[in-house]
Every structure is written in C-alpha cells, then in structure tokens.
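Trainee: Sequence:
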Amino acid sequence: MKKIDVDLSPSDADALVKEAQQLLARKLDSSSRRRFLRQGLTLGGVVMLTGCDLSDKPDVDSVLNKFSRFNDRVQGWLFNPANLSPEYSADRISQSFPFNAFYGEEDIPQINGDQWRLEIAGLVNDKRSWSLPELYNMQQVDQITRHICVEGWSEIGRWGGVRFADFLKLIGADTTAKYVSFKCADDYYTSIDMASALHPQTIMALSWDGRILPPEYGYPMKIRIPTKLGYKNPKHIQVIEITNRYTGGYWEDEGYNWFGGS
798 MKKIDVDLSP SDADALVKEA QQLLARKLDS SSRRRFLRQG LTLGGVVMLT GCDLSDKPDV
858 DSVLNKFSRF NDRVQGWLFN PANLSPEYSA DRISQSFPFN AFYGEEDIPQ INGDQWRLEI
918 AGLVNDKRSW SLPELYNMQQ VDQITRHICV EGWSEIGRWG GVRFADFLKL IGADTTAKYV
978 SFKCADDYYT SIDMASALHP QTIMALSWDG RILPPEYGYP MKIRIPTKLG YKNPKHIQVI
1038 EITNRYTGGY WEDEGYNWFG GS
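Reminder that position 173 of the sequence shown reads as 970 in the numbering used here, one-by-one numbering, no gaps.
There's no promise every hint is true.
Said to hold, decoys possible - No farther apart than 25 Å at their CA atoms in a straight line, the calculated lysine to any residue pairs in the SDA-like style are these:
| hint | residue 1 | residue 2 |
| --- | --- | --- |
| 1 | Lys-975 | Asp-923 |
| 2 | Lys-975 | Gly-1027 |
| 3 | Lys-924 | Gly-1058 |
| 4 | Lys-980 | Ala-898 |
| 5 | Lys-966 | Ala-879 |
| 6 | Lys-966 | Gly-1058 |
| 7 | Lys-966 | Val-947 |
| 8 | Lys-924 | Arg-914 |
| 9 | Lys-980 | Ser-926 |
| 10 | Lys-966 | Ser-882 |
| 11 | Lys-980 | Pro-930 |
Hint data in this document are derived by calculation from the structure and do not stem from the laboratory. Quantities reported herein were computed from a predicted structural model and do not represent experimental measurements.
When you get a sec, could you build the whole thing from the sequences and use the hints?
Mentor: Structural data, given as structure tokens:
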C-alpha cells in the first residue's frame, strides 16, 4: 500500500456527498430520511457540517480532513458492538492470502519471539510486560473472517488468539477511555476506539490457519479486527496504550479515515 496524494476533483466531491448522504440518512427516522434524501446534500452542505467556510477558500487538505473527522463521528454513531462480522466455514478460506504493508516483503521485521515483550502503557492497573508464552497460555479463540483492504481486495482467513476484551479486563484497563493505540516493530502505528477494542471479534492474533502467526502476517502478534479495514489491523505489535489522547495513525495521518469501519 503506497502513500497517495489527495486531490478534490469533481468526481471526488460527488463521492463525498453521496457517502455523507448515506451515512446521515441511516441515522434519521423514516420520515426525516425521505425528506433528507429528497432535498439532497451538496458539497457546500458537507462543508457546513464539517464547520468549514468555503468563502475563506481553505486548501483541499483542510476540507478533506474536516470531512474525514465528520465521517469518523458518524461511523462511531452507527457502530453497534452487538453486530458481528460474518464468519465462514473452513472450505471458504482463501488459498493465497496476500502480504500487504507500506514496504516490501524483504523488509518484514524478523523478531526473536523468545526476547519479544509486549509493553503496556497508559490508563491500566497492571503495566507489566508480557511474553509470548504468557499470551499462548491464555484462553484462545478462533475465527474465520474476511479481511477487507481499502485498496479493494478481500480474502478470508483463519485467525486464532486472545480475545482483546479479556486481555484488557485482565490488565485492569480503563474501558471508559476513548482510545487504544498501538506501536509496532515495523514503525507502523494506529489507534482505535474503545468500543471496537471491546468488540467480541477483536482478538490479539497469535496464529494463522492453525499455525504460529507467520512473519508476513504479523508475528509475533497482530490485532485482528474484522469490523475494520485492513490498515486498522496492525502487525508486529510492541506497545499497547490505553489513553484519552488522540494518537492518529500511519495512514490516518496521510488522510485515510480514522474509524476505518469495514
């Protein structure tokens, strides 16, 4: 996945308007929804909703950033922790699951699992570090879910590991905090909302297709979140922090949507 320059062409503006219409309409009752869709929403309306004044002629990045933050808020409103992503039978598992990162396969981190430690920071009671054997000894769950990439492809895979909500409870995390952030061995970083962290399908993935998680998929541990797009599923985790401070993300700081729901 390569970084891209963001430009607001007429077709981009139309796409933004359509997305805003769909997201907002889902939050309205039926009569309000019909009126909203009938009256429509223009780019100017989107700009008003994001708090940006076109008369000031802000640059494109400012407009897009404000719309993205608006989009994040709407996705947060719509997210229902009780809704599960589809799970599949073993015969649906993809035979060729692609490697994807902001670097080539030759640069995949080679991590010594015996020396690796997971560091815990922020609003938690127990900040001791964790070894791989300690995580392996916790109760494991298994899921066959679809990984959806923002680039347009998707594949089904089997992931196993520790339910993240169980781990957060064990370390005494403040689950009223706003964010959970991740720092990775490949210098990747991202953050998620607490509701997504506590979702029953969010796991600390330690295995892939019944075997130890391969390096290309995130060894020794990745966060698997089937309710979010691939770039919100960080690999090679080194640090987990519970915080009320917004820490952004590698791709999010380049203009990608922060919530990243799939």
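Trainee: Taking the hints in turn, state whether each one holds.
Mentor: How the hints compare with the structure:
1. Lys-975 to Asp-923: Measuring from Cα to Cα gives roughly 19 Å; hence the hint holds.
2. Lys-975 to Gly-1027: holds (21 Å)
3. Lys-924 to Gly-1058: violated (29 Å)
4. Lys-980 to Ala-898: holds (15 Å)
5. Lys-966 to Ala-879: holds (18 Å)
6. Lys-966 to Gly-1058: holds (24 Å)
7. Lys-966 to Val-947: violated (31 Å)
8. Lys-924 to Arg-914: holds (12 Å)
9. Lys-980 to Ser-926: With Cα atoms ~14 Å apart, Lys-980 and Ser-926 stay inside 25 Å; holds.
10. Lys-966 to Ser-882: holds (23 Å)
11. Lys-980 to Pro-930: holds (21 Å)
Going through the hint list in order, the structure does not satisfy hints 3, 7.
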